[in-house]
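Protein chains in written order, with this note's numbering: chain A, 2 to 174; chain B, 75 to 234.
In short, the hints are calculated from the structure, not lab data. Please note that the accuracy of each hint is not assured.
Capping the alpha-carbon separation at 20 Å, the derived lysine-lysine pairs in PhoX-like fashion look like this [unchecked claim]: (1) Lys-38(A) with Lys-72(A); (2) Lys-115(A) with Lys-98(B); (3) Lys-209(B) with Lys-169(A); (4) Lys-72(A) with Lys-106(B); (5) Lys-86(A) with Lys-147(A); (6) Lys-96(B) with Lys-106(B); (7) Lys-114(A) with Lys-100(B); (8) Lys-115(A) with Lys-205(B); (9) Lys-72(A) with Lys-115(A); (10) Lys-169(A) with Lys-115(A); (11) Lys-100(B) with Lys-72(A); (12) Lys-114(A) with Lys-210(B); (13) Lys-115(A) with Lys-110(B); (14) Lys-210(B) with Lys-169(A); (15) Lys-77(A) with Lys-115(A); (16) Lys-114(A) with Lys-169(A); (17) Lys-209(B) with Lys-114(A); (18) Lys-110(B) with Lys-98(B).
Quick caveat: nothing in here was measured; it's all calculated off a predicted structure.
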Amino acid sequence: MRKDRKQQKRKIPRDWILLGLVLIISIVLLLIFPDRKEAVTTVSWKYFIEMISILPAVMVLLGLFTVWVPKDIVVKYLGSASGLKGIFFAIALGTLPTGPLYIAFPIAAALLKKGAKISNIIIFLSSWACIKIPQEMVELQFLGSKFMVVRLVLTIVFVIIMGIFIEKIIEMN
Amino acid sequence: MNCTALIINIMAIFGLLIAFAKDKDKAIQSLKIAGKSFIRMLPMIFIIIIIIGLLLGFVPPEQISRFIGEQSGIKGVLLVGVVGALMHIPALLSFPLAASLLYNGASISAVAAFITTLTMIGTITLPLEIKELGKKMAILRNGLSFVIAIIIALVMGAIL
């Protein structure tokens, strides 16, 4: 875990440097093609407003969940659950808004050691990666309800199939 | 501000109110975490906003459509899927980027593939995943995630 944090710390200035580079490139581009300036700034401004109207609130919700939902809740509920109940818990616990995927790997490793079903661990990881509640809300905002709901349903179906499939492969050998 | 943004902001405010009523220290701690993660994401937010601006300001929809639009077929979907798998940006920021492409020539399948591979597959975090879960499970999960992302994308393109 300590290594992750170090990586995290090094990442911060790198992103700012990248931003500087992108800024310089865009300024040069707009100096060469001044006629594009209006189109670029209008689009960027529109997306800036949309993002700033939603991201701080999403971050607050993330913060609240991180502090109030105990870390061992996943191991507690998924450790021995199986069948439909196991699949349900795997998806539901993955949707809780609690940080990026690499935080889930040690939790998944703990589950493995505790003897949780491999299918449930895969489903949990996938759900954590792409069915998170704050992500779904942002998807709804930018891509509309139809896109979001259809992708959500398809993702749940295929993630369950994938989890069971991977379990079969690993148990076969 | 549209409806979704409004609901999320109301949820956040109510959440905070309840949090402060229950336990002030914990509430402040959540706010600190929120602030830190927002600042950490800030440069990426600006980068994405500028890239969207440049993309839509300079690249005409016909060009976007040629590479990742309807007529690009499965090749376009696979291309975007690979780009999504290799990219390492916060999932939350993939949605505005995806939306800007969708409204300017990209196909539904391509956009769905992009979001799904971006969120499910972590090439940069793969070494960590291998360390925690073993080589077999990590590679199976990432590899099959790519396959199901493409299937999900194609089904979405067919029904939407």
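**Item:** List of violated hint numbers, smallest to largest
**Value:** 1, 2, 5, 7, 13
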